[in-house]
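K.L.:
Sequence:
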Amino acid sequence: MYSRSRSPRGQLPDSYLAAIWRLPGSYLAATWQLFGGYLAAIWRLFGGYLAAIWRLFGGYLADIWRLFGGYLAAIWLLFGCYLAAIWLLFGCYLAAIWLLFGCYLAAIWLLSGGYLAAIWRLSGGYLAAFWRLSGGYLAAFWRLSGCFLAAIWLLFGGYLAAFWLQFGCYLAAIWQLPGSISYEFYSVRVLFRYEFYSVRVLFRSSSIPCSSIP
Numbered sequence: 689m690y691s692r693s694r695s696p697r698g699q700l701p702d703s704y705l706a707a708i709w710r711l712p713g714s715y716l717a718a719t720w721q722l723f724g725g726y727l728a729a730i731w732r733l734f735g736g737y738l739a740a741i742w743r744l745f746g747g748y749l750a751d752i753w754r755l756f757g758g759y760l761a762a763i764w765l766l767f768g769c770y771l772a773a774i775w776l777l778f779g780c781y782l783a784a785i786w787l788l789f790g791c792y793l794a795a796i797w798l799l800s801g802g803y804l805a806a807i808w809r810l811s812g813g814y815l816a817a818f819w820r821l822s823g824g825y826l827a828a829f830w831r832l833s834g835c836f837l838a839a840i841w842l843l844f845g846g847y848l849a850a851f852w853l854q855f856g857c858y859l860a861a862i863w864q865l866p867g868s869i870s871y872e873f874y875s876v877r878v879l880f881r882y883e884f885y886s887v888r889v890l891f892r893s894s895s896i897p898c899s900s901i902p
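Convert by adding 688 to the 1-based position in the sequence shown; the result is the number in our numbering.
Hints in this document: simulated from the structure, not taken from any laboratory.
There may be inaccurate statements among the hints.
Here are the simulated distance ranges between beta carbons [to be verified]:
1) Leu837 <-> Leu804: 25 to 33 Å
2) Phe851 <-> Gly812: 50 to 58 Å
3) Leu722 <-> Gly746: 42 to 50 Å
4) Leu799 <-> Ile774: 35 to 43 Å
5) Gly735 <-> Pro712: 30 to 38 Å
6) Phe851 <-> Tyr814: 52 to 60 Å
The C-beta atom is built at its ideal place from N, Cα and C for all residues, glycine as well.
All chains, please: the whole structure from these sequences, using the hints.
P.N.:
As structure tokens, this is what we get:
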């Protein structure tokens, strides 16, 4: 109950003044609280929407990043596989070409060695045959020249011996002519030896008085 304290004329009591002051303060407080509530609700709603939008954007960004990373990893793996396949194929072709070249080179080397050995053996055979043939012809020529030389030497020795015997006979006949001293010649064997043959040329003289012969 309001106090009935008296106040000066023309003035309200303190209780009415306080009530009047409290009423706009209450309305102002209620209005402020309502505005603050709405503002807080709006802020919370905006923050929720902003958080939801941020989370959605982050989710989409994460999904896009993961998708890009997956595609990049797949492309990198595919490129690596193709590169490895190309490298292996190139290595296989290079190894095959190298082996083929080595086989051909070895075959050419063996073939050239075989031909060279055959040519060397053939030339050696021809050289040996030519050497034997030339040696045979040289030996035959040497024997033939030796035979001709021996025949000429024998013929010359025969003629010389015949001439020597004839000359001895003539000399003996001349010596046996009548004179102051008579000689009788006897022929005795005298052997002359030569390198290729032997010829007997016999001549020996002795002076014996005719009176001593019976």
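K.L.:
Evaluate each hint against the coordinates.
P.N.:
How the hints compare with the structure:
no., hint, verdict
1, Leu837 <-> Leu804: 25 to 33 Å, "violated (47 Å)"
2, Phe851 <-> Gly812: 50 to 58 Å, "holds (57 Å)"
3, Leu722 <-> Gly746: 42 to 50 Å, "violated (35 Å)"
4, Leu799 <-> Ile774: 35 to 43 Å, "holds (37 Å)"
5, Gly735 <-> Pro712: 30 to 38 Å, "holds (33 Å)"
6, Phe851 <-> Tyr814: 52 to 60 Å, "holds (54 Å)"
Checked against the numbered hints given earlier, this structure breaks hints 1, 3; the rest are met.
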